[in-house]
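Use the sequences and the hints to build the structure in full.
Our numbering numbers the first residue of the sequence shown as 333 and each following residue consecutively.
Calculated from the structure, these hints are not laboratory results. Be careful, since some hints might not be right.
Okay, the calculated beta carbon distance ranges per label pair [stated by the list, open to error]:
(1) R374 with L351: 13 to 23 Å
(2) L372 with D350: 10 to 20 Å
(3) R374 with D350: 14 to 24 Å
(4) D382 with S352: 10 to 20 Å
(5) N384 with S352: 15 to 25 Å
(6) D382 with L351: 28 to 38 Å
(7) L354 with S388: 11 to 21 Å
(8) D382 with R353: 27 to 37 Å
(9) S345 with N384: 17 to 27 Å
(10) D349 with S389: 13 to 23 Å
Remember, it's a predicted structure, so these values are computed and weren't measured experimentally. Using N, Cα and C, we set each Cβ at its ideal position, and we do this for glycine too.
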Amino acid sequence: MTLRCPPHDIEVSFLYDDLSRLNEIRCRNQTVHHLAYDGLGRVVQEEDADGNLRHSSTRTPHAG
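Listed below in structure tokens is the structure:
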């Protein structure tokens, strides 16, 4: 599902896994950058307005 919020043109996308659980939230606008969140609200990827990667975290298994 994607939501657009004029007049600021913010696009929010909700991505779900096969079991309909929230997997990722992506927020993007023209002036700031693109953010991708995991299902727990942690930023997993950040890009600037030109598409350059500013931050990326990989999901690592918990050491046990």
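Subject >> Consistency of beta-carbon spacing, D350 to L372, with hint 10 to 20 Å >> reply: Given about 18 Å between the Cβ atoms, the range holds.
Original post:
Falls inside 10 to 20 Å, the C-beta gap from D382 to S352?
Top reply: Given a distance of about 34 Å, which is not inside 10 to 20 Å, the answer is violated.
**OP:** Given the range 27 to 37 Å, decide if the beta-carbon distance of D382 to R353 lies inside it.
**Re:** 32 Å, holds
**OP:** Mind checking the hinted window 15 to 25 Å against the Cβ distance between N384 and S352?
**Re:** 33 Å, violated
**OP:** Confirm or reject the claim that L354 and S388 have a C-beta distance inside 11 to 21 Å.
**Re:** Roughly 20 Å apart at Cβ, these two residues keep to the hinted range, so it holds.
Original post:
Is 13 to 23 Å a correct range for the gap between the Cβ atoms of D349 and S389?
Top reply: 18 Å, holds
Original post:
Okay, D382 versus L351 on CB: inside 28 to 38 Å?
Top reply: Taking Cβ atoms as reference, D382 and L351 lie about 35 Å apart, which means the hint holds.
Original post:
At the C-beta level, are R374 and L351 separated by a distance inside 13 to 23 Å?
Top reply: The hint (13 to 23 Å, Cβ to Cβ) holds, given that R374 and L351 are roughly 20 Å apart.
Subject >> Satisfaction of the hinted span 17 to 27 Å by the C-beta atoms belonging to S345 and N384 >> reply: 20 Å, holds
**OP:** Go ahead and decide if the range 14 to 24 Å is satisfied by the Cβ distance of R374 to D350.
**Re:** 21 Å, holds
Taken one by one, the earlier hints fail for this structure at numbers 4, 5, listed in ascending order.
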